[in-house]
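Asker: Now for the letters of each chain:
Protein chains: 2
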Amino acid sequence: MPNPVDFKLYLITDRTQVAAGHTLCSAVEAALQGGVQAVQLREKDLPAAELLPLARQLRDLTRRHGARLLINDRVDLALAVHADGVHLGGRSLPTDLVRRLVGPELLVGVSTHSCAEISRAAEQGADFVTFGPVFATPSKAAFGPPQGLEALAEACRGSALPVFALGGITAERAAEVMRSGAAGIALITAILANPDPRSASSTFAA
Amino acid sequence: MPNPVDFKLYLITDRTQVAAGHTLCSAVEAALQGGVQAVQLREKDLPAAELLPLARQLRDLTRRHGARLLINDRVDLALAVHADGVHLGGRSLPTDLVRRLVGPELLVGVSTHSCAEISRAAEQGADFVTFGPVFATPSKAAFGPPQGLEALAEACRGSALPVFALGGITAERAAEVMRSGAAGIALITAILANPDPRSASSTFAA
Chain A
141 MPNPVDFKLY
151 LITDRTQVAA
161 GHTLCSAVEA
171 ALQGGVQAVQ
181 LREKDLPAAE
191 LLPLARQLRD
201 LTRRHGARLL
211 INDRVDLALA
221 VHADGVHLGG
231 RSLPTDLVRR
241 LVGPELLVGV
251 STHSCAEISR
261 AAEQGADFVT
271 FGPVFATPSK
281 AAFGPPQGLE
291 ALAEACRGSA
301 LPVFALGGIT
311 AERAAEVMRS
321 GAAGIALITA
331 ILANPDPRSA
341 SSTFAA
Chain B
141 MPNPVDFKLY
151 LITDRTQVAA
161 GHTLCSAVEA
171 ALQGGVQAVQ
181 LREKDLPAAE
191 LLPLARQLRD
201 LTRRHGARLL
211 INDRVDLALA
221 VHADGVHLGG
231 RSLPTDLVRR
241 LVGPELLVGV
251 STHSCAEISR
261 AAEQGADFVT
271 FGPVFATPSK
281 AAFGPPQGLE
291 ALAEACRGSA
301 LPVFALGGIT
311 AERAAEVMRS
321 GAAGIALITA
331 ILANPDPRSA
341 SSTFAA
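Chains as they are written, first to last, in this note's numbering: chain A, 141 to 346; chain B, 141 to 346.
Accuracy of the hints is not assured; some may be wrong.
[Said to hold, decoys possible] Some chain B residues close to chain A (C-beta under 10 Å, calculated; not the full set): (1) Ala160; (2) Leu164; (3) Glu183; (4) Ala188; (5) Leu201; (6) Val226; (7) Gly230; (8) Arg231; (9) Pro244; (10) Gly288; (11) Leu289; (12) Leu301; (13) Ala345; (14) Ala346.
[What the hints assert, rightly or not] These stretches of chain A come out as covered by chain B in the derived footprint (C-beta under 8 Å, 3 or more residues): (15) 149 to 157; (16) 212 to 219; (17) 295 to 306.
[Claimed, not checked] Which chain A residues stay away from chain B? Per the calculated CB distances, all over 12 Å, these: (18) Ser166; (19) Gly175; (20) Asp224; (21) Leu237; (22) Cys255; (23) Ala262; (24) Glu263; (25) Gly284; (26) Gly288; (27) Glu290; (28) Ala311; (29) Glu312; (30) Ser320; (31) Ala323.
None of these hints come from the bench; they were simulated from the model. The model shown is predicted, which means the values in this text are computed figures rather than measured ones. Backbone N, C-alpha and C fix where the C-beta goes; we use that ideal spot for every residue, glycine too.
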């Protein structure tokens with residue numbers, strides 16, 4: 141059976157944003173305790189040899205909390221640690237090729253920034269997409285200008301896949317984001333940069 | 141049947157070293173015409189999306205010349221383009237894990253710099269190793285101080301695997317390198333930086 145997209149709170153890692161007093165793994169563990177249901181390991185500057193121990197720790201943590209683990213970009217690493225899926229960005233291997241590599245079982249998530257990209261991801265066999273940035277983010281340089289709630293709503297209406305809203309989403313804005321039709325919310329800073337990732341996560345989960 | 145290590149001249153790519161008037165692919169094609177029997181795609185700074193078209197072009201070229209294609213580091217890319225193998229460096233996934241991912245069919249080459257590393261590669265299921273740098277190389281900063289012919293001979297004597305000598309090997313030195321017990325020679329600069337990669341390769345092949 142293919143993995144279902146059975147999560148709403150999707151945490152994307154960035155160890156450079158982890159608040160003082162936490163390691164990446166302790167922050168992720170706190171987030172899982174707070175209600176995060178899926179984690180994407182995304183540390184683009186690390187070589188495979190350094191990603192592997194991180195991926196294994198996150199595999200243990202996510203399994204213990206009944207959460208999903210996805211690996212950014214490296215399909216080989218996802219297979220190696222028995223992750224639940226891979227997440228592809230614009231510089232990753234094409235979605236259709238990755239789908240052939242991983243078979244029907246593994247989740248394939250794709251980062252998108254337009255309705256056209258969402259359609260292409262669906263055609264090529266993705267299971268879900270992230271869409272953003274919805275709002276301005278501290279990491280906005282990497283994600284482009286904010287798209288706004290209007291564009292998010294349009295993207296969700298036109299999408300055959302679950303859409304996870306990404307970018308600058310705070311707990312206060314989470315409700316309106318979900319009302320726009322998003323299947324869930326993808327978070328980095330709001331959880332990892334918070335000194336209390338557990339309570340930050342549980343606010344979103346609520 | 142597992143792929144045999146049936147080559148002696150092993151070209152490792154570095155598009156930054158390609159001589160004026162050549163693209164990486166035209167230089168590799170000329171090298172194949174000159175007698176190179178295996179090619180490793182190694183462009184560490186390129187993301188997967190940019191490696192893929194290069195890997196596909198090299199797959200076509202190597203197939204047409206009856207040569208092997210290996211992909212550096214990215215096992216997923218090797219599987220995607222039906223390469224003959226992968227080549228692992230110190231920052232790659234561990235050899236034993238990669239062997240489990242690719243099965244017995246694909247070649248697994250490993251970069252080594254000591255007899256201990258060669259033994260470990262053999263234990264973990266590698267098919268062959270590169271050993272070096274034998275001589276000082278233009279890219280010596282990346283490979284450490286030269287080991288010399290003595291160390292190469294010792295490495296070859298103690299190795300259960302074919303050893304490819306790497307680093308600063310010129311056509312003049314090729315004969316003594318082979319007399320040291322090397323199974324073959326791995327080359328970057330001597331072929332790619334030569335304005336005539338075909339004749340450079342055929343000198344080595346002879």
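Asker: Holds or violated: is the Cβ of Ala311 (chain A) farther than 12 Å from all Cβ atoms of chain B?
Answerer: At about 34 Å from chain B, Ala311 (chain A) clears the 12 Å cut-off, so the statement holds.
Asker: Just to be careful: measuring from the Cβ of Leu201 (chain B) to every Cβ in chain A, is the smallest value less than 10 Å?
Answerer: violated (20 Å)
Asker: Test the statement that Glu312 (chain A) is away from the interface with chain B: the closest C-beta pair must be farther apart than 12 Å.
Answerer: The assertion about Glu312 (chain A) holds, with a minimum of 35 Å to chain B.
Asker: Can we confirm that no CB of chain B comes within 12 Å of the CB of Glu290 (chain A)?
Answerer: Since the minimum Cβ distance to chain B is about 30 Å, Glu290 (chain A) lies beyond 12 Å and the statement holds.
Asker: Holds or violated: Glu183 (chain B) as interface residue toward chain A, Cβ cutoff 10 Å?
Answerer: violated (13 Å)
Asker: Using the nearest Cβ pair, does Gly230 (chain B) come within less than 10 Å of chain A?
Answerer: The hint holds - Gly230 (chain B) has a Cβ within 10 Å of chain A, the shortest such distance being about 7 Å.
Asker: Does the closest beta carbon of chain A sit nearer than 10 Å to the beta carbon of Leu164 (chain B)?
Answerer: This interface hint is violated because 19 Å lies over the 10 Å limit.
Asker: Does Ala323 (chain A) really sit off the interface, with its C-beta more than 12 Å from all C-beta atoms of chain B?
Answerer: holds (26 Å)
Asker: Once the closest CB in chain B is found, is it more than 12 Å from Asp224 (chain A)?
Answerer: Nearest chain B Cβ is 17 Å from Asp224 (chain A), so the label holds.
Asker: Mind verifying the non-interface call on Ser166 (chain A)? Its CB should be farther than 12 Å from each CB in chain B.
Answerer: Correct as stated: the minimum Cβ-Cβ distance to chain B is 25 Å, above 12 Å.
Asker: Does the claim that Cys255 (chain A) lies off the interface hold, with its Cβ farther than 12 Å from every Cβ of chain B?
Answerer: Per Cβ check, Cys255 (chain A) is outside 12 Å of chain B; nearest 21 Å; holds.
Asker: Measuring from the C-beta of Gly288 (chain B) to each C-beta in chain A, is the shortest one below 10 Å?
Answerer: violated (28 Å)
Comparing the model with each numbered hint stated earlier shows that hints 1, 2, 3, 5, 9, 10, 11, 12, 13, 14, 15, 17 and 21 do not hold.
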